[in-house]
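Q: Using our numbering, read the sequence shown as starting at 3 and increasing by one per residue.
The hints are simulated quantities; they were obtained by calculation from the structure and are not laboratory data. None of these values were measured; they are calculated from a predicted model. C-beta atoms are modelled at their ideal positions from N, C-alpha and C, and glycine is treated no differently. There may be inaccurate statements among the hints.
[Stated by the list, open to error] Derived DEER-like restraints, expressed as beta-carbon distance ranges: (1) Ala79 to Cys33: 26 to 32 Å; (2) Asn78 to Val57: 18 to 24 Å; (3) Cys47 to Ser69: 18 to 24 Å.
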Amino acid sequence: MFYRMENLLGRFAESPQTLVYLVKRLSTEDCICYQPSTVIQCTACGSVTSGRVRVKCTQHPNTIFISDFDRCFHCNAPSCFLLSIPKK
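Using the sequences provided together with the hints, build the complete structure.
A: Next comes the structure, spelled out in structure tokens:
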């Protein structure tokens with residue numbers, strides 16, 4: 003299902019939340035772009051931050067969010083050392 007972007011923006015310009023919902027709704031269930039933020043702890047150095055461990059989305063392989071980490075921000079350890087802990 004394809005929509006012209008100007009039709010979407012014109013129709014939902016007054017309600018950005020509706021546009022975000024529509025984009026999420028049009029995505030398939032394989033999309034993991036909108037996964038929730040978690041607490042990330044590096045098992046190599048013990049540093050802790052808030053964000054997400056970067057995982058490649060099958061629907062949007064070139065999309066990267068600013069809160070996605072593929073390495074520890076402190077010791078530069080690869081993502082296999084990053085432990086994702088869900089927020090309560």
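Q: Taking the hints in turn, state whether each one holds.
A: For each hint, the structure was consulted:
no.: 1; hint: Ala79 to Cys33: 26 to 32 Å; verdict: holds (28 Å)
no.: 2; hint: Asn78 to Val57: 18 to 24 Å; verdict: holds (19 Å)
no.: 3; hint: Cys47 to Ser69: 18 to 24 Å; verdict: holds (20 Å)
Violated hints for the displayed structure: none, as all numbered hints are satisfied.
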